[in-house]
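Using the sequences plus the hints, can you model the full thing?
Just so you know, the protein sequences line up as chains A and B, in that order. Under our numbering, residue 308 is the last one in the first sequence; the count climbs by one each step, no gaps. Under our numbering, residue 1250 is the last one in the second sequence; the count climbs by one each step, no gaps.
For the record, the hints were derived by calculation from the structure and aren't laboratory data. Note that beta-carbon positions come from the ideal geometry of N, C-alpha and C, so glycine has one too. Where hints are given, some of them may not hold.
[Claimed, not checked] Distance windows between CB atoms, simulated:
(1) B:L1218 to A:G30: 18 to 26 Å
(2) B:V1015 to A:D180: 31 to 39 Å
(3) A:E118 to B:N1030: 29 to 37 Å
(4) A:E282 to B:M1033: 39 to 47 Å
(5) A:K279 to B:L1188: 49 to 57 Å
(6) A:S176 to B:N1244: 41 to 49 Å
(7) B:G1150 to A:E118: 46 to 54 Å
(8) A:G214 to B:N1244: 18 to 26 Å
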Amino acid sequence: MSILIYVEHDNNELKADTLKTVSAAQAIGGDINLLVAGHNCAAVVEQAKNVSGVSKVLVADNAAYANQLAENVSLLVTELAADYNVIMATALTTGKNFMPRVAALLDVAQISDIIGVESADTFVRPIYAGNAIATVQSLDSKKVITVRATAFDAVATDGNADVVNLSQATDAGTSSHVNDEFTESERPDLGAANVVISGGRGMQNGDNFKLLEGIADKLGAAIGASRAAVDAGFVPNDMQVGQTGKIVAPDLYIAVGISGAIQHLAGMKDSKIIVAINKDAEAPIFQVADYGIVADLFDVLPELENKL
Amino acid sequence: MKVLVPIKRVIDYNVKVRVKADNSDVDLANVKMAINPFCEIAVEEAVRLKEAGAATEIIAISIGDKSCQEQLRTALALGADRAIQINTDEKLDSLHVAKLLQKVVEEEQPQLVILGKQSIDSDNNQTGQMLAALTGLPQGTFASEVKIDGDKVNVTREVDGGLQTVALNLPAIVTTDLRLNEPRYASLPNIMKAKRKPLDVKEASEFGLDLTPRTTLLKVTPPAERQAGIVVETVDELVEKLKNEAKVIA
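Written out as structure tokens, the structure reads:
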């Protein structure tokens, strides 16, 4: 078995989730190679060399891959796929974008967003927004797989793989990059965020929601609110999480000063990990929280921000 | 400019899905069905392009049994001009859906195909990209803005950490993200009018494609039950648990 993993990166930094995809590949088993496709991406190659469990790092450093356009990258990966049984990528921006193209060009189905490996051809993945878990067997001889990184542990970075420079420069010539707008301070959308921190009536007023901002910045979190906080006029309605607001299911949900009314729980109870911060030990939020702290939120929030 | 909008009939997003007792699949008996939310955004975007004078004709298409005609009528009521149902009782892989759509693209020659980025049932996020690959067309996935500019379309995409804008030669494939627009409600007169708009039915088996399944669904189970939580005493303990036990923060 030979496995090719596409390295998710921005020409400077190897995205750490790639290390988790390598771990998913190890669960399948076989000789694992990485592909770094980019432009002026030597720093990424240096990091890729050190990924444990990898025998070779293929490098396609060419202007055609500078922005990792799906049209161009998919042609490269499809060409390289001839030598591999399994093609994998992390289910992040780049992988989600180009991998189905590779699958279609290879005339195979793609198994998206796997969270478990049962065997070399059988995988576990969430469907219906994670409200059901499917076990799927691939009947294709070549597998094209994207990996939900949060489901796997990262491998170590004490490897020493060989680097192989490729000469390919597949340019489809049908698309071009215009610009990127990365706004570091702008928080992710509530529905899409991996981490959400929400405040409730316990925040006491709208100004106190500033206490959530520092923590949100550190965690890349979106900020939400309970209906009680919205109704009290602390924050606008588009921040509302709950039955009549947004339904969220992030990896981490931090409920601050929220009692846990059933209408609020309906909007967040499918979150992977729930943390509750509330001074009332009897608050129903603690019944669904994985971790709770019974304390005054005005003591906990500044300390939490410091220690993250 | 002709715009093709493939849409999918799925469980209504407000319905809590249940797994069948025999773990063979989810139970969709007597469940409210609707147009996939991302597909609805695709229809809306096509209608806005037509209202702006950029598009001249909107064709909605759906693949499935007769029941998906209900969602095609919804698309017609929202502003599509005509509809095509590709009839099949089979549960197709995204690859097969893309292959059927490829045939329709070859026949209809649209300048733009707008699809939802993923369906809320299978959550695959594949069909648009696969169709783009099969037709050799460029793609703008996860779109939050679509601007026609002569023989190109500029697509602003939702990417990790921000936005990316790409310029695609037309014809092109676009897949929608949530922020692209807010779909309108169909008015009663438009719902009535939609009943008289043309809806062609074609058989999937008549496209000359091998639609043999490439995957087998072995089982479907409910997600793990939430474990009883613990109360931690200090913030340090909380941070340690989140890092090393829950692994949700770095």
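18 to 26 Å as the expected CB spacing between A:G30 and B:L1218, which holds or is violated: Holds - the Cβ-Cβ distance for B:L1218 and A:G30, about 22 Å, lies within 18 to 26 Å.
Cβ distance range 46 to 54 Å for B:G1150 and A:E118, holds or violated: 50 Å, holds
Beta-carbon spacing of A:E118 to B:N1030 - inside the hinted bounds 29 to 37 Å or not: Holds - the Cβ-Cβ distance for A:E118 and B:N1030, about 32 Å, lies within 29 to 37 Å.
Range agreement (Cβ of B:L1188 with Cβ of A:K279, hint 49 to 57 Å): 52 Å, holds
CB-CB spacing for B:M1033 and A:E282 relative to the 39 to 47 Å hint: 41 Å, holds
41 to 49 Å as the expected CB spacing between B:N1244 and A:S176, which holds or is violated: 44 Å, holds
B:N1244 and A:G214 - C-beta distance against the hinted 18 to 26 Å: Check passed, 23 Å falls within 18 to 26 Å.
Verdict for B:V1015, A:D180 (Cβ pair) under range 31 to 39 Å: 38 Å, holds
Consistency note: the structure conflicts with none of the earlier hints.
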